Amino acid sequence: MQTPKRSEYWLISHLVRCGEAAASLAGHRCITEWSPASESVYLHIERRGIWFGVRIAAHAPAYDCSRDYACVLVPRYSTSDTQVVDLTRTVLTHVRCGGSVVADPRDVWRATRRLNGFLQTGRKYVDRNGNRWVWSADEGQWNCVDRGSRNAGFPEPPVHRPAPLMSNRLRSSVRHSQNMLAKWASELSSAAETGS
341 MQTPKRSEYW
351 LISHLVRCGE
361 AAASLAGHRC
371 ITEWSPASES
381 VYLHIERRGI
391 WFGVRIAAHA
401 PAYDCSRDYA
411 CVLVPRYSTS
421 DTQVVDLTRT
431 VLTHVRCGGS
441 VVADPRDVWR
451 ATRRLNGFLQ
461 TGRKYVDRNG
471 NRWVWSADEG
481 QWNCVDRGSR
491 NAGFPEPPVH
501 RPAPLMSNRL
511 RSSVRHSQNM
521 LAKWASELSS
531 AAETGS
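For the sequence shown, position 81 (counting from the first letter as 1) is numbered 421 according to the numbering used here, and the numbering increases by one without interruption.
Treat the hints loosely; a few may be bogus.
Derived DEER-like restraints, expressed as beta-carbon distance ranges [to be verified]:
hint, residue 1, residue 2, range
1, Arg509, Arg387, 25 to 33 angstroms
2, Gly488, Arg454, 30 to 38 angstroms
3, Glu533, Arg416, 40 to 48 angstroms
4, Pro376, Glu479, 26 to 34 angstroms
5, Leu413, Cys484, 13 to 21 angstroms
6, Leu528, Arg450, 20 to 28 angstroms
Once the Cα atoms are required to be at most 16 angstroms apart in a straight line, the calculated EDC-like pairs of lysine to aspartate or glutamate come out as [stated by the list, open to error]:
hint, residue 1, residue 2
7, Lys464, Glu479
8, Lys523, Asp444
9, Lys523, Asp467
10, Lys523, Asp404
11, Lys464, Asp486
12, Lys523, Glu386
Since the hints were made in silico from the structure, they are not lab data.
Please read all numbers here as calculations on a predicted model, not as lab measurements.
C-beta: ideal position from N, C-alpha, C; glycine also.
Whenever a hint applies, use it, and build me the whole structure from the sequences.
Here it is, written out as structure tokens:
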């Protein structure tokens, strides 16, 4: 009997579901992040207060933050049943007792949000009535700096937020720096526990 062709997307989804199930069965918290720019998926597993990361993808890491994770590379196109079983075992091992130390994904999200807010502060907008607005990330709102029509009442602020300014490279740099801090903190903690 011939094995049906499987795409890398099918295999990645399968491995992610297996990893999430293994984390759940072991009682570990798991946060999954799907890359917006590629097929890559990142599993974040918390064990004993430390976060471990596994990257499942069909291509080698392009950014430093992607190299911070234990990488499981899947073949493109067709895979045999034996390959599926071997890759599944690899993911399960990383989830249960492996992976690389990474930052809490919520901390990364907060750091990214803070930097993006800093970059957005001072962005200008002119509405259809000629009112000039400046965005304040600290206040989370537009502030009117110049009214276009002096005879009209006080203008209503825009309801949209400024577009995000962070590139994938900058976002990845933030994640990498957070991952390095988490790794160093884990190493210092281990050294303190062992007395070395």
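Need the list of violated hint numbers for this structure, in ascending order.
5 and 9
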